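Protein chains in written order, with my numbering: chain B, 1 to 406; chain Y, 407 to 736.
Heads up, some of the hints might be wrong.
[Said to hold, decoys possible] A few chain B residues that face chain Y, going by a derived Cβ cut-off under 10 Å, partial list only:
#1 179
#2 186
#3 305
The hints are simulated quantities; they were obtained by calculation from the structure and are not laboratory data. Predicted model, so just to flag it, every value in this text is computed and none were measured. Cβ atoms here follow ideal geometry from the backbone N, Cα and C, with glycine treated the same way.
So the chains spell out like this:
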Amino acid sequence: MKRIFTDARLLLPGEEHPQTGSLIVEGEHIVSAAANGEQEGGDAIDCQGRILAPGIVDLGVFAIDKPAFRFGGITRAALMPDQSPVLDLPAMIKQSAAEGKPDLWSHPLAAATIGLEGTHMAEIGLMKRSGAKAVATGRQWIADSGTMLRLLQYCKSLDLALIVHSEDAGLTQGAVATDSETATRLGLASAPSAAEAISIARDIALVRETGAHVHFRQVTTRDGLNLVRAAKGDNLPVTCGITPAHLLLSDIAISDFRTFTRLSPPLRSETNRLACLQAVKDGTIDVISSGHDPRGPEDKRLPYAEAAPGMAGAETLLALSLTLVRDGTISIGRLFELLSANPAKILGVEAGLLQAGYEADFILINEDSPWQVDTRKMAAAAGNTPFDGLPVQGRVTAIYKGGRAY
Amino acid sequence: MTSQQTGSPHQFPAGSDAFPHRHLLGIAGLQPWEILFLLEEAKQWVDLNRKSSKHADRLDGLTVINAFFENSTRTLLSFEIAGKRMGADVVNMHAAQSSIKKGETLIDTAVTLNAMKADAIVIRHGSSGAVQLIADKVDCPVLNAGDGSHEHPTQALLDALTIQRRKGDISGLTVTICGDVMHSRVARSNIYCLTTLGAKVKVCGPPSLLPAALDRFNVEVFTDLDEALEGSDVVMMLRLQNERMNGNFIPSPREYHYLYGLTRKRLTRAKQDVLVMHPGPMNRGVEIDSDVADDPDHSAITEQVEMGVAVRMACLDVLTRQSRGVEGWS
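Input sequences plus hints: build the corresponding full structure.
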């Protein structure tokens with residue numbers, strides 16, 4: 001049966017601004033999405049002028065947390081292999097891929113190496129057959145360049161992107177912050193931010209060698225972004241992402257030992273933060289993701305260096321990203337390329353665009369609706385957000401996965 | 407009042423305005439007169455401690471818990487003696503080998519200590535920020551006896567008191583701090599304390615043991631000890647931990663001694679009446695030579711230990727004034 005979503009402000013592929021029109025869904029797929037599109041011939045659902053955007057494809061979460069994803073408008077999430085046990089076997093991929101259905105599709109990322117230890121290649125081919133859409137190194141970097149080279153050759157032959165964590169562990173071993181006045185004042189072990197550029201430079205050299213697609217999951221420094229920008233200029237198959245925390249916070253936020261600000265990679269200097277914003281603006285950054293990692297008091301109510309890294313980011317992802325639209329950094333159309341279309345493309349799934357034939361994963365948004373981030377009231381499994389108390393704007397009013405409302 | 411005035415107590419703000427803090431977690435953020443007030447308060451205890459009967463009764467009936475999550479001999483002993491001389495019931499908890507090992511979280515331990523109705527808790531912990539974490543969960547004053555590489559405020563106060571007694575006003579003195587500054591809470595607290603009191607501070611160490619952005623701390627940074635010693639009134643040597651000596655941060659103890667050890671010859675670079683200090687325990691022959699450490703004309707190392715007790719007595723007194731209902735300390 002056809003359903004027509006009328007009076008919607010559609011975020012259509014390639015358009016910077018919303019176009020008033022209608023979206024037609026049949027079964028689980030989009031039949032058409034067009035400005036001034038047809039209004040007849042099916043059940044009509046009045047969207048009351050709300051923005052109708054593709055569902056967010058969250059690339060690289062650490063937990064499947066459906067209440068938080070629903071609040072945040074996330075219809076698909078690529079799960080990091082850093083689970084317990086590590087997602088390094090086909091059976092675990094298969095099980096994990098089924099976990100969220102039907103209202104959320106989880107795309108487990110295959111661990112690149114057994115146990116994510118960076119030494120022995122995992123069964124990437126078998127994991128692909130079991131549903132893995134990409135491969136990831138987890139929170140680790142692969143120190144051995146030989147292993148990395150062979151992994152990239154392998155991923156290339158299987159047509160899978162390798163999602164990497166970019167920090168040279170030789171520099172960051174034991175560090176919980178970026179070298180800075182703040183870290184020194186707090187007496188926290190810190191590492192130079194060059195750890196990022198060093199690992200990116202090595203990986204780009206290997207991309208040049210192999211032609212494999214590498215996605216740098218979080219690039220947070222000016223020097224790292226310059227390398228990615230240059231590699232893109234050379235038409236190398238590289239992409240990169242970031243989370244809102246690194247766009248909105250600098251290392252000063254770690255003052256007072258607030259463990260909710262303990263992230264991996266750590267928060268950077270203000271200069272680097274501004275470089276990240278510039279890279280969103282100029283198109284160097286392809287993906288904005290939540291890095292969702294809900295952590296309870298047992299992981300966070302600890303001395304800073306003993307606390308686990310990570311933040312619960314799913315439900316604040318959209319509202320925080322909308323600040324980039326409000327301050328003129330990017331258009332809302334471009335924002336949804338970063339949130340939905342590009343991550344879907346990296347995973348190779350037909351989603352993330354309002355396009356005929358694609359899965360009918362979409363959300364309705366009231367982009368002005370104000371609310372306040374409150375760690376005590378979060379939908380997520382834990383409220384570990386460094387944005388506690390921040391007034392934000394924009395929330396999801398309806399979420400559709402495969403044409404069904406949830 | 408102006409920052410550099412020292413001297414008699416009447417110059418301090420009245421009552422709790424002289425030290426309006428619930429805890430002593432660090433020196434960073436303290437006003438100069440707040441530091442000077444604690445030093446002034448400590449002086450009376452130096453005199454008492456030199457008498458044969460060393461008992462005051464200010465903290466009579468109060469319970470002080472020394473919760474040490476990291477091994478310590480001298481600081482624990484110093485706090486224990488300080489509490490007892492003030493008349494408090496002092497209990498030591500050696501958590502390094504206790505329930506923490508059984509998996510109890512720090513917060514649970516803090517809540518447990520709090521339920522025992524301590525009137526002050528003295529905490530040492532191996533992790534930066536851990537003492538603040540506990541302080542946020544308990545109802546009584548907390549004294550930081552050293553947290554990770556963050557702060558060790560009573561050490562800085564006892565060092566300042568030692569300098570004051572030997573050199574007079576700290577303002578205008580040149581103090582050289584040398585050693586493993588990166589991992590040193592003593593260095594951080596001393597940098598804050600001495601710069602706040604108007605001293606010129608030079609910091610020296612191997613580049614691999616100097617923390618990032620040290621130039622933002624109102625100090626001069628050196629990697630050559632001879633240069634750093636030039637014209638110094640005071641030199642503070644830091645302890646080099648054994649685990650840093652073997653190739654991780656520096657190549658070897660003997661190379662460290664060659665480059666950064668305080669020898670009698672090197673000491674001649676400093677002022678003739680230079681004061682030599684060390685927070686202890688010393689690695690004799692590594693960061694400091696015995697003939698320097700034991701030279702009564704220069705070394706204040708044992709006096710530092712003595713001042714430690716007095717300073718801790720003063721801190722326990724001042725921080726419990728509110729709960730004891732001392733007039734003006736509401």
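Hints and how they fare:
{"no.": "1", "hint": "179", "in the structure": "holds, 4 Å"}
{"no.": "2", "hint": "186", "in the structure": "holds, 6 Å"}
{"no.": "3", "hint": "305", "in the structure": "holds, 5 Å"}
Hint compliance for this structure: no hint is broken.
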